[in-house]
Amino acid sequence: MTNDVQVEAPQAPPDATPTFAMLRTLGGISLISGLLVVLAYQFTLPIIAENQRVRTEQAVFRVVPGAVTKRDFVLTDAGLVPAGEGVQGELIYAAYDAADQLKGVAITGVGNGYAGPVTVLFNYDPACQCIVGSKILQMTETPGFGDKMETDPEFLENLKALDAKLNADGTALINPIVTVKHGTKTHPWQIDAISGATLSSNAMGKAANTAAQRATPAIQRDLAKLTAANHTGQD
Amino acid sequence: MSNGTSQDPPKGAGGTWRPMIARMLAGLRPASARPGGHGSGLLRIFRKRKTFPHGIYPVEHKEWTADKPIRRLPFAPVLVLPLAQHRGAPSQPLVQVGQEVVRGEPIARAAGFVSVPMHAPATGVIQAIDLAPTPEGPKTMAIYLKVYQADPQQVLFDTGHDIDSMTNEEVVAAVQEAGLVGLGGAAFPSHVKLMPPKDAVIDTVIVNGCECEPYLTCDHRVMLEQTDALLRGIRLIMRITGAKRAIIGVEDNKLNAVDQIRAKLPANLPITAEAVESKYPQGAEKMLIKSLLGKEVPVGGLPAHVGVAVFNVGTLAQIGDLLPKGRGLIERVVTVSGPAVANPGNFMVPIGTPVRFLLNHVGIKPTLGQVILGGAMMGMSVSSIDVPVTKGVSGIVALERDEDDPARRQVYPCIKCGECLKACPINLNPSMLGELAQAREYGLMAQGYNLDQCFECGSCAYVCPSNIPLTQYFRIAKSINRERKN
Amino acid sequence: MHAESLPSIFLNAAIVNNFVLAMFLGICPFLGVSSKKETAWNMGLAVIFVLLVSSAAAFGINWLLVNLELEFLRLICYIAVIASTVQLVEMFVKRYSPALFRSLGIFLPLITTNCAVLGLALFQTQKEYDFIQSLVYALGAGAGFTLALMLMAGLRERLALARVPDVSQGAALTLMLAGLLSLAFMGFAGLGGSHG
Amino acid sequence: MVKGIEIRTSPHLKRALNVQQIMRSVVYAMLPICAFAIWQFGLSAALLLATTTGAAVATEAWFSRLRGAGNTVADWSAVITGILLGLTLPPGFPLWMAAVAAFVGIGLGKALFGGLGYNVMNPALIGRAFVQAAFPVAITTWTPAFAPSRFVELIPTTLTAPFMRPESVTDWIAGLGVDSWTGATPLAMQKFQHIETPAWDTFAGLVSGSAGETSALLILVCGLWLAWRGCLDWRIPASVLAGAALTALPFWLVDPGLYPSPWFVLCSGGLMLAAWFMASDMVASPVTPWGAIIYGVFIGALTVIIRLFGGLVEGVMYAILLGNAAGPLISAWTQPRVYGAVKKARAKS
Amino acid sequence: MAELPKHQEDLSLDTFVRGLWKENPVFVMLLGMCPTLAVSNSAINAISMGLATTFVLAGSGALISGLRNWIPKQVRIASYIVIIATFVTIVDYAIQAISLDLYAALGAFIQLIVVNCIILGRAEAYASQQRLVPTLVNSLGIGAGFTIALFALGSVREILGSGTLFGLHLFGAGFQPWVVMVLPPGGFFVLGAWLLLFNWIKQRGERRADAPTGVPANAR
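As given, the protein sequences belong to chains P, H, R, U and B, one line each in that order. Heads up, the first sequence is in my numbering, so the first residue is 1 and it goes up one at a time. Heads up, the second sequence is in my numbering, so the first residue is 1 and it goes up one at a time. Heads up, the third sequence is in my numbering, so the first residue is 1 and it goes up one at a time. Heads up, the fourth sequence is in my numbering, so the first residue is 1 and it goes up one at a time. Heads up, the fifth sequence is in my numbering, so the first residue is 1 and it goes up one at a time.
Keep in mind that a hint or two might mislead.
[Said to hold, decoys possible] Covered by chain H, according to a simulated footprint, are these stretches of chain U (three or more residues, beta-carbon under 8 angstroms):
hint	region
1	5 to 16
2	105 to 117
3	287 to 293
4	333 to 341
Calculated from the structure, these hints are not laboratory results. No experiment lies behind these values; they were computed from the predicted model shown. We put the CB at the ideal spot given by N, CA and C, even for glycine.
With the hints as extra help, turn the sequences into a complete structure.
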């Protein structure tokens with residue numbers, strides 16, 4: 001105790017720097033810092049925005065084969081709203097081919113896997129009311145196990161025509177998408193789990209189900225907007 | 001010299017292949033069922049004997065000597081009487097070289113309160129007062145007494161006390177005059193124990209007849225053969241200490257001694273004899289108090305602080321025998337046994353008899369490897385068998401060389417099996433203490449892990465499968481800590 | 001957006017994604033202050049304390065910056081706030097609880113450069129936790145840090161008495177131990193997530 | 001006659017049970033389990049056990065030479081590590097991976113810290129945890145027990161070339177003609193489909209799983225023999241099993257359809273083997289008697305928690321490693337009360 | 001704070017080189033462990049992190065060195081932190097601009113460069129006392145040492161853990177990756193293994209050096 005006190009006792013510095021000098025220095029440094037940061041921010045902002053746009057676009061084009069353009073919509077309670085109109089919310093991406101035909105709608109879903117959330121982008125085909133493709137955006141599953149969701153052809157087969165039909169009211173799926181144990185898939189709305197990676201497979205099922213449950217009612221209701229929006233975009 | 005024909009204590013004999021097969025078969029049996037085994041204690045739960053927690057069950061081999069009555073041997077030509085046979089200050093000689101002494105005559109006087117006088121164990125002449133070997137190693141001063149072999153060796157120093165009319169102080173003084181020390185092995189002057197600290201009130205005298213050391217049966221024989229003297233001694237001690245009761249604690253491997261004592265117990269005195277579990281170290285003061293009374297001597301305290309005084313049966317028998325006669329302690333009962341002894345037995349041995357003389361009488365086998373004064377667990381291995389039997393030597397154990405099994409000696413690192421924790425009677429953590437000792441953290445051993453409570457019973461080293469000399473480590477650590485303190 | 005339950009946040013930060021053993025945050029004090037159980041315990045308490053205070057402070061700062069649309073100053077503000085928070089805590093503890101200061105005092109300056117503190121502030125922002133969630137997250141992270149530190153200290157105290165070969169003395173041994181602990185903590189994967 | 005007597009320090013008697021004998025007894029106790037594993041899984045299991053044992057012994061010999069510590073193979077502890085490791089791996093585990101596990105277990109788990117007596121965790125489990133993290137697919141590839149051809153052909157993955165990925169066993173299993181093979185161990189079936197395998201099958205070991213973990217009955221018998229020999233502390237397996245059963249009990253009472261019965265918990269997976277042969281590893285478990293009980297209950301409870309709520313099917317390995325890690329703390333907090341120590345009377349210096 | 005004698009170091013090759021080995025921040029000084037372990041699961045991440053840290057080191061070092069005579073010692077730590085945070089923010093945005101994938105891989109550890117003890121340590125011990133050019137050279141040396149150490153870790157972890165280096169497949173298609181290497185325990189193990197190797201080399205060197213001085217080999 002006594003030792004501590006002695007060590008901590010302020011030994012009045014012989015040449016005490018005036019408070020003003022300290023404030024001046026700190027202020028000066030803050031000024032320089034602020035300046036540098038703002039410069040960097042301003043300079044990189046458009047590049048970063050462009051990067052983000054390209055990244056999303058690439059993901060969407062990969063999950064919707066044949067697409068060359070896309071338009072973003074915000075999912076709201078009132079239906080789909082074209083992005084960029086000041087409305088915040090989850091985005092969906094309508095993708096079009098060279099002939100401006102709607103090739104599919106990219107929707108995102110999240111499911112909890114073995115080691116954390118798995119974020120997946122799905123290609124929803126409004127015509128057949130099914131999921132016809134997928135791409136994992138982010139996951140922390142064990143390499144060699146969970147990543148079979150991306151590589152195992154048998155598993156990917158599940159996601160080529162996954163039934164996501166809406167019920168009569170158009171508010172929810174008739175049959176929720178579920179993951180069933182390996183080798184027991186009997187219905188088109190089921191996902192056949194990867195043997196040995198059941199939790200990761202479950203995550204995929206949950207992601208597909210949440211994505212479809214949230215987005216498909218709005219998409220089916222505002223399907224016209226998706227195709228129409230494209231034409232307005234062409235004008 | 002002796003080839004030990006008549007009475008071989010059972011130990012592996014036969015061709016080379018038979019013991020091999022026997023050992024292989026033995027390997028499948030539980031450790032507790034093998035010689036030197038350690039019981040798991042599971043079966044012992046069903047016995048309803050008083051006992052303390054932990055401790056060990058070494059092979060006892062008391063059957064080799066338990067039914068051998070105490071015999072006298074011829075006198076050795078020269079008796080060696082170290083001046084420091086007891087704890088405390090060494091006695092001061094009262095005789096000169098060349099002086100003739102009579103058996104029983106005082107030859108040295110007490111040098112203070114914690115000291116006792118010494119009496120001539122035989123009639124003879126003082127040959128020298130010189131250095132003599134001791135079991136501890138360094139030589140100390142001793143009186144050499146040449147025995148007159150032709151003398152009838154009668155004790156002529158019967159001063160005779162009327163103990164009933166003496167005051168307590170006079171009895172205590174008489175105990176000191178008789179040169180009495182604890183005969184269980186500690187050799188602590190008995191009269192000191194009779195004067196407990198002022199703040200302690202003794203209400204119970206515990207008479208220690210446990211004799212938990214393997215091989216030893218001298219106390220057992222004393223209880224059987226000197227019961228009257230023992231009871232006399234107990235009554236005397238109870239009177240002096242003012243204790244309200246006395247309990248004689250005897251291990252249940254000596255139930256005939258319990259029966260014998262009970263048969264002779266006077267009806268009007270609060271003395272009882274109780275059998276306790278046969279377990280090492282049941283005979284340690286603190287353990288016996290725990291077993292019989294369920295009390296624990298506080299750390300750093302004396303038995304007197306829980307109202308108890310503990311005396312060994314041998315000591316009390318001597319008090320009961322010597323005090324009324326006014327004689328001094330000149331002989332004691334010693335068990336000579338062990339696998340390397342041809343004719344083990346119990347002997348009344350004059351103090352100062354060289355160990356060599358005794359061993360020659362019982363005969364030793366050529367396989368002799370080690371001679372121990374005291375018991376096999378806590379006794380001291382001697383470098384020379386020319387050392388004499390002193391007041392504190394309760395037994396001489398001769399062990400065989402065990403070079404046939406070198407693997408037993410290899411020291412492995414501590415594997416943290418925890419056996420030592422389950423063996424330690426005072427609940428230390430010998431495993432940790434051993435690791436600390438190897439790292440030379442002696443200070444931490446004492447401050448954090450209660451090293452000073454260890455009384456070196458050796459239970460931890462006995463059970464250690466890694467053969468770590470734990471007891472030795474603790475002795476070294478304690479002595480280094482003592483040096484650092486000074 | 002984040003409807004994570006509070007126990008799940010706590011478990012995740014403390015055990016499943018232990019700050020030290022799975023996220024590599026606070027490695028320096030983990031390696032440096034883990035040779036004795038007592039110091040490790042005191043360090044752990046100090047870190048829990050600072051984490052809670054700086055988490056609350058960071059939450060406030062972030063709210064302010066988002067409202068002022070000055071997010072690009074977030075890092076500078078966080079680090080400045082954390083450094084001064086630690087300073088304030090130190091002064092406060094010294095003034096009002098000298099006993100606590102004696103046991104925690106020497107660790108407080110060390111904590112400024114403990115990346116667990118800044119890391120926590122950044123992660124709670126990234127995960128968009130609300131105020132209560134942030135505090136639980138901080139508590140979990142601190143508990144996890146303390147747990148890892150205590151386990152490490154126990155093992156290192158034990159190994160201090162071992163015949164460790166010369167080659168593996170020092171930092172190498174500590175890192176390998178950390179690796180083994182990290183390996184053992186993999187057993188917690190998926191805990192609190194799959195059924196929750 | 002009496003020349004050359006020796007001087008030693010007390011005590012002069014020693015119990016006739018040394019480290020080497022303890023270790024050898026453990027090896028004896030594991031031999032019946034090995035035999036059962038070989039009978040159940042055939043040649044591949046035999047090769048697997050031989051590989052782990054050989055690699056463990058070779059690693060031990062190599063490191064003891066590097067350290068100049070003499071040959072420490074003779075203490076048999078490396079043999080135990082090798083056999084145990086083999087028993088915990090799937091029977092078709094590629095041999096090169098098994099050798100890696102043995103090398104890591106002995107090297108990283110033991111030699112690094114100074115060899116026998118100083119390892120902080122069970123070396124066999126370190127080896128296994130390492131390969132579990134390194135090769136997660138191979139270590140969860142199960143093959144059927146009592147395949148008809150088990151004594152004439154190897155499981156195809158066994159002889160995978162070093163550093164190569166093992167091929168899929170799906171087709172091979174299909175060709176075996178084993179009925180109703182689902183590719184899952186009883187534990188996995190319980191966890192994901194909530195189908196409890198009949199108790200007798202798991203108890204007797206007529207199911208698939210790691211090479212030596214299937215027969216709870218046999219392990220129990222061998223473990224009890226070891227305890228009777230005094231070569232392990234019965235407190236640890238007893239408290240591990242009790243901890244597991246008691247943790248599982250309330251869940252099972254609430255929903256027996258979803259949660260496994262305590263009986264199933266005890267007999268399935270590696271719990272029995274781990275409780276008797278791995279949690280009881282003397283070196284890495286707490287040394288105090290009460291510490292051993294706390295440690296055991298902790299492991300048992302954690303195993304069940306990981307099994308029921310974690311991402312893994314079996315948690316006993318991690319539970320033991322974590323128990324080992326907590327061992328020194330448990331030991332320190334359960335130091336026995338010394339004889340005569342009074343609670344508050346530590347005033348005297 | 002005692003006034004240290006402001007020894008002005010002459011610029012020499014050593015100013016740069018000692019950061020590579022003798023004062024290697026990771027292997028010798030054991031500083032900056034958090035980013036070292038966290039982002040070294042692939043070679044490209046490791047090198048990016050190394051370069052980012054080098055940039056912050058050099059930038060903040062230069063600024064601090066330039067301002068060293070104007071910064072009162074009472075507020076020097078606060079000033080250093082603000083300056084360092086500035087450069088870290090710049091790097092943060094720069095990496096986002098260069099590659100979003102890289103940014104995602106490095107995660108929060110870019111921003112955590114702020115609390116990397118190497119940088120504050122250098123600022124305090126070197127930049128605050130030395131002239132601009134030596135500071136710059138020294139910072140680059142330390143940064144290079146950090147980058148090399150990160151690469152040593154990252155390459156081993158990537159080769160074993162994924163069978164690739166900079167994303168290129170090194171082995172045939174049948175190669176079995178050691179997944180543990182890219183997981184957290186692998187980081188500890190690989191760094192521990194490097195330190196073991198260096199210890200071993202050092203001790204063997206010492207033994208060699210001892211040998212000719214008359215100690216017989218069997219004396220041990």
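These are the hints, each one checked on the structure:
1. Three residues within the 8 angstroms Cβ limit are the bar, and the region 5 to 16 of chain U against chain H gives 12, so the coverage statement holds.
2. Coverage of the region 105 to 117 of chain U by chain H holds. Counting CB-CB distances below 8 angstroms, 4 residues qualify, and the rule asks for three or more.
3. Coverage of the region 287 to 293 of chain U by chain H holds [criterion: at least 3 residues with CB-CB distance below 8 angstroms; count 4].
4. Counting residues of the region 333 to 341 of chain U whose CB lies closer than 8 angstroms to any CB of chain H gives 7, so the stated coverage by that chain holds, three being the minimum.
Checked against the numbered hints listed earlier, the structure breaks none of them; every hint is satisfied.
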